[in-house]
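Participant: Work out the full structure: start from the sequences and follow the hints.
Top to bottom, those sequences are chains A and B. Under the numbering used here, residues 1 to 79 are what the first sequence spells out, in order. Under the numbering used here, residues 1 to 221 are what the second sequence spells out, in order.
Worth double-checking, as some hints may not be accurate.
[Unchecked claim] A short list of chain A residues far from chain B (calculated; beta carbon distances all over 12 Å): (1) Arg-4; (2) Leu-9; (3) Gly-27; (4) Ala-38.
[What the hints assert, rightly or not] Pair ranges (Cβ atoms, derived): (5) Glu-51/A with Asp-153/B: 39 to 49 Å; (6) Ala-53/A with Thr-219/B: 41 to 51 Å; (7) Tyr-57/B with Gly-27/A: 26 to 36 Å; (8) Gly-55/B with Val-36/A: 49 to 59 Å.
Hints were generated in silico from the structure; no laboratory data involved. Note that beta-carbon positions come from the ideal geometry of N, C-alpha and C, so glycine has one too.
Letter by letter, the chains look like this.
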Amino acid sequence: MKTRVFITLKPGVLDPQGKAIHHALEGLGFAGVNDVRAGKLIELDLADGTEDAAIEDMCRKLLANTVIENFRIEKLEDA
Amino acid sequence: MNSAVIVFPGSNCDRDIATALEEVTGRKPAMVWHRDSELPDGTDFIALPGGFSYGDYLRSGAMAARSPIMRAVKDAAGRGVPVIGICNGFQVLTETGLLPGALMRNAGLSFVCRPVRLKVENSQSLFTAAYDAGEEVVFPVAHHDGNYQADEDTLDRLESEGRVAFRYQEAVNGSARNIAGILNDAGNVLGLMPHPERVVEPAHGGLDGRRLFEGLLETVA
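Facilitator: Right under this line is the structure:
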């Protein structure tokens, strides 16, 4: 079971990398970029039947630092 | 004082802190590998060294915080054994939850490597007893992820409880309220980004860090 975990900085947490990307986009002449926030995508290949609670536990215990980050779990239909 | 230095794959200041501890305490610390699950009997001081444990994969300190030895370190900290985390060690302490907040990428995005001026904000702790309150010291920093952040309530609590041990006296990395080092609520765990172990001998160009270990020796031994 392919599962994706999206990890993003909580709103209000300063994102120096997002800022740098924003500046670089402007430097390349792209207008109209209001803001950039950078995050992470982690792809998991899980045994069928892995419970949602277990995936959330993985996020809380390791994949995300919930002091500064939010996470969102997305299960992909079997390809 | 029976010190233990925890060594993770990617630690690179483990020998610096070991040399500093031996110089000050007269005893060689035990070097404890991250896969070990127990600390040597009688360990009464634990140091988490600087470096780039696990290549900073996922987040700085994230993997190291989940290694087997950290359970023993947490237990020891809970019993009141003094624990210091320097640089990557500070990142490991926040990732284990022994200290609040998180260390993010420096605000300027650059790796910062230079001596910085710090103010000793709390001179009553186990670690800072040999300093005067408000004294200015110079320790080197060398980090990419030293930007200390926590929510406003946590920051207010740290300030009001005297748990900000060291504060930068210049702009370094964007840390909230210029915080360079903090204590846990019991006062026996200190995390700081600057490197006191790199200013303990005259050849280092400064001795400001030496008193941290001397003060600790006096309170622990």
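Participant: Now tell me, hint by hint, if it's right for this structure.
Facilitator: We went through each hint and held it up to the structure:
1. Arg-4: The assertion about Arg-4/A holds, with a minimum of 16 Å to chain B.
2. Leu-9: Since the minimum Cβ distance to chain B is about 9 Å, Leu-9/A lies within 12 Å and the statement is violated.
3. Gly-27: Given that every Cβ of chain B is farther than 12 Å from that of Gly-27/A, nearest at about 15 Å, it holds.
4. Ala-38: Violated, because the least Cβ-Cβ distance between Ala-38/A and chain B comes to about 10 Å, which does not exceed 12 Å.
5. Glu-51/A with Asp-153/B: 39 to 49 Å: violated (33 Å)
6. Ala-53/A with Thr-219/B: 41 to 51 Å: Roughly 45 Å apart at Cβ, these two residues keep to the hinted range, so it holds.
7. Tyr-57/B with Gly-27/A: 26 to 36 Å: Cβ of Tyr-57/B to Cβ of Gly-27/A: about 30 Å, so the range 26 to 36 Å holds.
8. Gly-55/B with Val-36/A: 49 to 59 Å: Once the Cβ atoms are compared, 25 Å apart, the range 49 to 59 Å for Val-36/A and Gly-55/B is violated.
Against the hints set out earlier in the document, violations occur for numbers 2, 4, 5 and 8.
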